[in-house]
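Protein chains in written order, with our numbering: chain A, 1 to 122; chain B, 1 to 492; chain C, 1 to 139.
Hint data in this document are derived by calculation from the structure and do not stem from the laboratory.
Idealized CB from N, CA, C, for every residue including glycine.
Certain hints may be false.
[To be verified] Now the in silico label distances, taken between C-beta atoms and shown as ranges:
{"no.": "1", "chain 1": "B", "residue 1": "Pro-452", "chain 2": "C", "residue 2": "His-106", "range": "55 to 63 Å"}
{"no.": "2", "chain 1": "C", "residue 1": "Gly-81", "chain 2": "B", "residue 2": "Leu-276", "range": "33 to 41 Å"}
{"no.": "3", "chain 1": "B", "residue 1": "Ala-200", "chain 2": "A", "residue 2": "Ala-105", "range": "52 to 60 Å"}
{"no.": "4", "chain 1": "A", "residue 1": "Val-38", "chain 2": "C", "residue 2": "Gly-81", "range": "37 to 45 Å"}
{"no.": "5", "chain 1": "A", "residue 1": "Pro-62", "chain 2": "C", "residue 2": "His-109", "range": "18 to 26 Å"}
{"no.": "6", "chain 1": "A", "residue 1": "Asn-12", "chain 2": "C", "residue 2": "Pro-16", "range": "40 to 48 Å"}
{"no.": "7", "chain 1": "B", "residue 1": "Lys-443", "chain 2": "C", "residue 2": "Gly-81", "range": "32 to 40 Å"}
{"no.": "8", "chain 1": "A", "residue 1": "Ser-108", "chain 2": "C", "residue 2": "Leu-20", "range": "44 to 52 Å"}
{"no.": "9", "chain 1": "B", "residue 1": "Gly-203", "chain 2": "A", "residue 2": "Arg-30", "range": "37 to 45 Å"}
{"no.": "10", "chain 1": "A", "residue 1": "Val-38", "chain 2": "B", "residue 2": "Ile-298", "range": "33 to 41 Å"}
{"no.": "11", "chain 1": "A", "residue 1": "Ile-85", "chain 2": "C", "residue 2": "Val-105", "range": "28 to 36 Å"}
{"no.": "12", "chain 1": "A", "residue 1": "Asp-67", "chain 2": "B", "residue 2": "Val-202", "range": "31 to 39 Å"}
{"no.": "13", "chain 1": "A", "residue 1": "Ala-105", "chain 2": "C", "residue 2": "Leu-13", "range": "41 to 49 Å"}
[Claimed, not checked] Interface residues of chain C toward chain B, partial, derived using beta-carbon atoms under 8 Å:
{"no.": "14", "residue": "Ile-72"}
{"no.": "15", "residue": "Val-76"}
{"no.": "16", "residue": "Leu-77"}
{"no.": "17", "residue": "Ala-80"}
{"no.": "18", "residue": "Gly-83"}
{"no.": "19", "residue": "Val-84"}
{"no.": "20", "residue": "Met-87"}
{"no.": "21", "residue": "Asp-91"}
{"no.": "22", "residue": "Asn-92"}
{"no.": "23", "residue": "Phe-93"}
{"no.": "24", "residue": "Leu-94"}
{"no.": "25", "residue": "Ala-95"}
{"no.": "26", "residue": "Asn-97"}
{"no.": "27", "residue": "Ala-135"}
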Amino acid sequence: MAVIESIIQHYNHWIMIFLMVSGLYIVVNRGNMVKKLVGLSLFQTSVYLIYITPGKILGGTPPILDDAFTVYSNPLPHVLILTAIVVGVATLALGLALVVRINEAYGSIEEDELFANGEDGT
Amino acid sequence: MNSQLPALQIVLPLLGAVLCAVLRKGNLAWGVALVTSLAMPVISGLMLQDVLASGPISYAMGGWAPPFGIEYRVDAASGFLLLLISLIGAVIMPYARLSIAAEIAEQDVPWFYTMYLLCLAGLLGIAITGDAFNAFVFLEISSLSTYAMIAMGKDRRALLASYQYLIMGTIGATFFVAGVGLLYSMTGSLNFVDVADRLAEVGTSRPILAALGLITVGMSLKLALFPLHVWLPNAYAFAPSVATAFLAATATKVAVYLMLRFMFSIFGVSTTLANLPIGEIFVTLALAAMFGASIVAIFQENVKRMLAYSSVAQIGYITLGIGIANQAGLTGGIVHLFNHAIMKAALFMVLGAVVYRIGSVKIDALAGIGRRMPITMGAFVIAGLSIIGTPGTAGFISKWYLAVGAFEKGWWWLVFLLVTSSLLSVIYIGRVIEVTWFRPLSKEGEKASETPLSMLIPTLILVAATIYFGIDTSLTAGIASKAADALLAGLR
Amino acid sequence: MKLDLILRVATKLLCPFILLFALYVQFHGDYGPGGGFQAGVIAAAMVILYAITYGLEPAKRAVPPAIAQAMIPLGVLIFAGTGVATMLLGDNFLAYNALDHHSPVHGQHLGILLVELGVLVTVAGTMVAVFYAFAGRGR
Chain A
1 MAVIESIIQH
11 YNHWIMIFLM
21 VSGLYIVVNR
31 GNMVKKLVGL
41 SLFQTSVYLI
51 YITPGKILGG
61 TPPILDDAFT
71 VYSNPLPHVL
81 ILTAIVVGVA
91 TLALGLALVV
101 RINEAYGSIE
111 EDELFANGED
121 GT
Chain B
1 MNSQLPALQI
11 VLPLLGAVLC
21 AVLRKGNLAW
31 GVALVTSLAM
41 PVISGLMLQD
51 VLASGPISYA
61 MGGWAPPFGI
71 EYRVDAASGF
81 LLLLISLIGA
91 VIMPYARLSI
101 AAEIAEQDVP
111 WFYTMYLLCL
121 AGLLGIAITG
131 DAFNAFVFLE
141 ISSLSTYAMI
151 AMGKDRRALL
161 ASYQYLIMGT
171 IGATFFVAGV
181 GLLYSMTGSL
191 NFVDVADRLA
201 EVGTSRPILA
211 ALGLITVGMS
221 LKLALFPLHV
231 WLPNAYAFAP
241 SVATAFLAAT
251 ATKVAVYLML
261 RFMFSIFGVS
271 TTLANLPIGE
281 IFVTLALAAM
291 FGASIVAIFQ
301 ENVKRMLAYS
311 SVAQIGYITL
321 GIGIANQAGL
331 TGGIVHLFNH
341 AIMKAALFMV
351 LGAVVYRIGS
361 VKIDALAGIG
371 RRMPITMGAF
381 VIAGLSIIGT
391 PGTAGFISKW
401 YLAVGAFEKG
411 WWWLVFLLVT
421 SSLLSVIYIG
431 RVIEVTWFRP
441 LSKEGEKASE
451 TPLSMLIPTL
461 ILVAATIYFG
471 IDTSLTAGIA
481 SKAADALLAG
491 LR
Chain C
1 MKLDLILRVA
11 TKLLCPFILL
21 FALYVQFHGD
31 YGPGGGFQAG
41 VIAAAMVILY
51 AITYGLEPAK
61 RAVPPAIAQA
71 MIPLGVLIFA
81 GTGVATMLLG
91 DNFLAYNALD
101 HHSPVHGQHL
111 GILLVELGVL
121 VTVAGTMVAV
131 FYAFAGRGR
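Using the sequences plus the hints, can you model the full thing?
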């Protein structure tokens with residue numbers, strides 16, 4: 001019973017872990033470069049939750065000082081994650097731009113086809 | 001004005017990058033990049049002098065006092081790294097103009113310098129910041145600009161290499177930021193010093209260890225620790241020569257620094273090494289890198305790729321120092337960080353000169369060119385000897401400290417393995433020397449002649465530095481030993 | 001491009017209000033949720049909406065790509081320029097208090113306003129430039 005309770009109490013962590021692992025799985029397992037980037041985004045998003053979910057305090061108000069309130073939510077995680085989202089968007093845009101260029105140069109974005117003809121270096 | 005130096009160190013290259021993007025003329029952009037890059041070592045030199053004379057510098061960004069605001073903090077370790085990055089950046093810039101003009105399409109040249117300066121700002125930022133999340137942001141600034149620089153390579157495989165690096169690098173950075181997130185939720189702070197203080201109160205719990213693991217794995221990806229190095233050889237082989245030389249010398253080193261900072265200063269030696277077998281893992285992986293990557297390097301046809309594998313092996317020596325984790329070993333790791341940066345930059349710059357003259361770095365194309373470009377290839381020989389670790393060169397010093405560290409731990413077998421792995425580098429460096437000097441001239445080699453002075457002199461400066469730091473070690477080993485002391489003592 | 005009257009008229013009607021909303025988010029950022037980043041994205045969304053309904057070429061006539069690209073460094077210049085100004089006034093980088101001698105609160109207001117303006121310009125420029133770069137490929 002205690003185990004189930006602790007699982008339910010930490011449900012946000014389970015969601016995080018599920019998203020993180022599925023994102024990583026897509027990155028590793030998919031050969032399509034666009035799908036890989038989708039997985040990468042999912043992976044990054046799961047980390048945003050690590051910051052956002054502990055930032056919410058039940059019953060807390062927005063952190064604007066007022067005599068009527070004593071419990072405030074922490075605003076810092078949101079600011080941090082806004083920054084991280086920007087970074088994620090930039091990464092995704094750059095990754096997609098690379099995929100477009102790769103498609104123009106090779107005519108394919110499937111890794112199996114690209115690496116089949118000895119393109120991995122040598 | 002002296003008190004503003006930490007901000008200037010980051011703001012100047014950032015402004016320079018913006019200026020390059022506004023100017024959109026190759027030569028003007030180069031001029032801006034040159035001026036900014038030359039100003040960097042002056043700033044970091046002044047700061048390091050301050051630090052050595054009167055202790056760490058703390059700078060409150062935006063006037064918000066730490067731990068609430070973002071703090072820029074320069075101590076012996078970060079000051080040393082700042083000086084290294086800015087010196088390499090300054091030496092490469094005069095070299096860059098001809099090489100970049102030859103290797104990159106004309107309309108892309110100003111963008112290359114923009115990316116270069118952004119990357120410089122990002123790397124310096126990681127070294128200077130005292131805030132964990134800020135370190136992540138700078139890490140991504142430098143990484144994103146690096147991906148763009150690699151993709152500018154002439155070969156279409158540069159695109160694939162850049163994509164591969166983007167995926168791996170982002171996974172690494174995300175691991176890192178996940179670790180920082182756990183740390184933040186456990187301690188409620190992001191400031192390095194403050195986190196270290198509060199960790200002492202929190203003690204060692206599972207989330208803390210998870211954070212340590214996530215950060216270590218994330219940084220191992222960025223620094224190309226052996227099984228996580230697969231992005232590196234292609235990225236270095238197909239990037240423009242200037243980018244390769246700069247990245248090989250700085251990018252992985254900064255990741256090493258950040259990992260050291262977290263493992264030793266923030267979590268503390270006792271937490272890191274007592275609770276997780278990180279020391280043993282690092283020594284094992286370092287040995288795998290020193291042997292595995294060196295053996296792979298021997299069989300490369302593309303000399304740039306060969307040196308990239310050699311980089312993986314040399315990073316093995318640096319992580320070996322971390323794994324040994326006593327004063328001499330850590331000093332060896334940090335000195336090697338500096339020495340390897342100098343000699344690898346020199347080697348890649350020689351190859352950049354070869355590309356400039358004959359347009360290829362295939363080993364067959366290099367046959368006999370030593371007689372056509374004797375000074376350049378002579379530089380390769382000296383820097384190569386330093387990679388091997390010949391006494392009298394910088395490479396020897398770091399291996400010496402590593403060996404001393406291993407002896408102090410009673411790991412005499414490690415000393416034996418150190419020497420054996422050096423023999424492997426004799427083979428791959430020796431192969432290039434044999435081909436370039438003693439084979440008949442190749443077809444491509446016909447058009448080779450001595451490198452232009454603007455490219456030759458920066459290369460020779462770095463080669464001279466490898467010899468100088470092999471003889472006078474007061475600067476490198478002296479500061480590295482201080483940095484090792486500071487890291488081992490922690491921030492508390 | 002197929003003519004779709006409702007879409008075209010609706011887009012034309014919406015565009016000024018989207019921009020207005022972007023500016024509201026921008027300037028209300030001092031007192032409530034909002035700020036340069038959100039405002040920049042909303043403003044860029046207007047251009048993208050226009051391009052989706054009217055086609056890429058009319059959008060490029062309205063907001064030339066050169067302007068979008070120039071906005072990216074310009075915004076960073078505004079941001080960094082504010083920081084340099086505070087340094088020249090003798091305080092730390094981006095320490096807005098220095099911007100007004102009489103009242104640090106006014107200094108903070110002015111500083112935030114300038115910095116958010118820089119963010120608005122860069123974000124809007126980046127979003128539009130990224131859209132143009134992707135939309136213009138493969139034609």
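Could you work out which of the previously given hints the structure breaks and list their numbers from low to high? 2, 7 and 27
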